[in-house]
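Colleague: Given next are the chains, with one letter for each unit.
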Amino acid sequence: MKKVLAFGILVALLMLGCVSEESKEGAMEQIKIYGSGASFPAPQIENWISEFSKVNKNVVVEYASKGSGAGINDFKSKLVHFACTDPPAKKSEWEEFEKLGKPLQFPFIVGAVVVVYNLPVEGLKLDGETIAKIFMGDIEFWDDERIKALNPNANLPHEKIIVIHRSDSSGTTEVFTTYLSLVSEEFKKRVGAGKLVDWPVDKLGRGFGGKGNEGVSAMLKQTQNSIAYVELAYALHENFKMVSIKNAEGNFVKANSETISSAISASSAYVPDPTEGYKEDPKLFLNAKGKNSYPIVSFSHVLLWQSYPEKEAKAIKSFWKWVLTEGQKKIIDGYAPIPKEVAELGLKAVESIRGE
Amino acid sequence: MLRELKNKVFILYLIISAFLVLFPLLHILFSVFANGIPVLLKFGMEFLTETLPAPNKPGGGIFPAIYGTFVMVFLASLIGIPLAVLAGIFVAEYPNNALSKATRSLLLIMMEFPTILVGLFVMAIIVLPLGSFSALAGAIALSIVMLPYVATYTEQAMRSVPQQYKEGAYALGLRKVRVVFSITLKIAKKGVVTGLLIGMAKVSGETAPLIFTAGNAWRSTGGALEPAGAVPLWIYYLVQQPYANYHELAWGAAFVLMVFFLAIFLPIRLSMVRS
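As you go down the protein sequences, you meet chains H and W in turn.
Residue numbering for the first sequence is 1 to 356, as defined by my numbering.
Residue numbering for the second sequence is 1001 to 1275, as defined by my numbering.
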């Protein structure tokens, strides 16, 4: 019995040893790159990794989605090769990176936050001001004059509006509240923008929080007469009814890859040099000009170092170069590719990565 | 008459409470089986041998997670069990020593300790200095979680050995070391092994200690010093994604985890009932 056990342990240890030996020997052929961070682009990144590994068998990319904040921390501790973050890194974070090396940051994908509702009414139209009023609780019923004015033909019920929002700290909330603060002075004063805000509608008993896009989606499905905001990918997947939002030029638009691309077509002017990523102001991409522009869009960013050990540098460059070129043609539902000029900024940054 | 009625009402109350306690457990078992088995049938053997697919693409599997769980539970046992068994023996053999009293209450506290903090602790002392998430760091976190269970079971098994056996051994002139390891531990073997298996079953289902330590591996398997996946970690990440095939993978993984857990747990329970 004892001998069998001891033998078993020995064999298992040898096997583990072999695996790590193998990967050392195989390092010439197979290199592993690790990334972590934002959960918002994770499905797209998984998709890219699958596609990339088909053409590039000797690089394995692993991405752990655990939130933008956690990604920045991992990057700072050099536990990962790259990190993804939805809001661009802050100045204070950037200064900490600079103590450890030369950081790079550039956008690699665009997404949208959409307003969704559970009501037997098709094609609801709202403007920013009205959305802000609904999410502050000022508008109590679906057949309120202010909603009726925007939807003269809709058969709106006399039911109380139930507002569902995120209960956890989230980049989605930050983008959404930044937009509302931009279009409504009152929202800016009473609520403000942030990852986690105090929703006044909660105090009226008509506002509820759900954890993650998943939680909000589940609550919206179960609650009649409710309204919520989620990332586009979730709204598409759950087949939610989306609100057409009035953009800066007065047109009502729904989020799709076309309207998102239109919103960011002129954005390259606002994207700073990748070596000064913290200078980016996400406000500039919201409520963008253009007839067909969807107003609530946001970039997701990647953080990289300018130098890595030789082999890793090569693998990282090949992956991110692929993402910014071939990868931009392989975008899944709910996201949109970045404009060419922005991709070129990123490519230049990737080219500047050196191996040591 | 009234007395009988009271009796019946009370028994009914007991039955209902027992059912209410059992209901969630039965519901979990049922939903994991009902949702997990179809996934396994649909994916076939690939489910156990393939790696993560892209969103909404068919096929794929959870091999890196199964591999990672086995590696980490194995390493955790290798690190944790010797320590835990020795601690258990010490506490059982010197029950009145101040150190052993402290150890005993410490073990009880450790059992209730939030496992996410264990993960943070190991991240600070292993992950950051090594500069990488790794299976080893995950295993160390798991071994800390496992330790109090194994130690407490060992202690109780050692204490349940009748004093006469030990006295007999001493009377034959054996030294303490021989008495402890060749007599008491041998008689207590069943209890100790139960503790080991319960510890292993427990940590194979742990998520929190791995979040900050193991990192993640969806597509690769590696050695002890490289990031590793784990079945519960995968379930945790996969259900947060909006894609149907990821949810399917999560149900399948839950089923695999449940089978693994029951395969360790049921034999223990049955053998306990028998003895």
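Certain hints may be false.
[Unchecked claim] Each pair of labels, with its calculated beta carbon distance range:
| hint | chain 1 | residue 1 | chain 2 | residue 2 | range |
| --- | --- | --- | --- | --- | --- |
| 1 | H | S77 | W | K1042 | 49 to 55 Å |
| 2 | W | F1261 | H | S77 | 42 to 48 Å |
| 3 | W | G1044 | H | K54 | 17 to 23 Å |
| 4 | H | D202 | W | S1271 | 24 to 30 Å |
| 5 | W | M1045 | H | K321 | 18 to 24 Å |
| 6 | H | N153 | W | P1114 | 33 to 39 Å |
| 7 | W | V1193 | H | D198 | 34 to 40 Å |
[Claimed, not checked] Here's a subset of chain W near chain H, in silico, CB distances under 10 Å, partners left out:
| hint | residue |
| --- | --- |
| 8 | P1055 |
| 9 | Q1156 |
| 10 | N1216 |
| 11 | Q1241 |
| 12 | A1244 |
FYI, nobody ran anything at the bench for these hints, they're computed from the structure.
Small disclaimer: the values here were computed from a predicted structure and weren't measured.
Just so you know, even glycine gets a beta-carbon here, dropped at the ideal spot from N, CA and C.
Colleague: Next, verify each hint and record whether it holds.
Modeller: Evaluated hints:
1. H:S77 x W:K1042: 49 to 55 Å: 40 Å, violated
2. W:F1261 x H:S77: 42 to 48 Å: Since F1261 of chain W and S77 of chain H have Cβ atoms about 33 Å apart, the given range 42 to 48 Å is violated.
3. W:G1044 x H:K54: 17 to 23 Å: Given a distance of about 22 Å, which is inside 17 to 23 Å, the answer is holds.
4. H:D202 x W:S1271: 24 to 30 Å: 53 Å, violated
5. W:M1045 x H:K321: 18 to 24 Å: 36 Å, violated
6. H:N153 x W:P1114: 33 to 39 Å: The hinted range 33 to 39 Å is violated for N153 of chain H and P1114 of chain W, with Cβ atoms some 56 Å apart.
7. W:V1193 x H:D198: 34 to 40 Å: 55 Å, violated
8. P1055: Hint holds; P1055 of chain W Cβ to chain H Cβ min 4 Å, cut 10 Å.
9. Q1156: 23 Å, violated
10. N1216: This hint holds: N1216 of chain W lies near chain H, its Cβ roughly 4 Å from the closest one there, short of 10 Å.
11. Q1241: Cβ of Q1241 of chain W sits 6 Å from chain H, so the hint holds.
12. A1244: Because about 8 Å separates A1244 of chain W from the closest Cβ in chain H, which is inside the 10 Å limit, the hint holds.
The structure fails hints 1, 2, 4, 5, 6, 7 and 9 (numbered hints given earlier, in ascending order).
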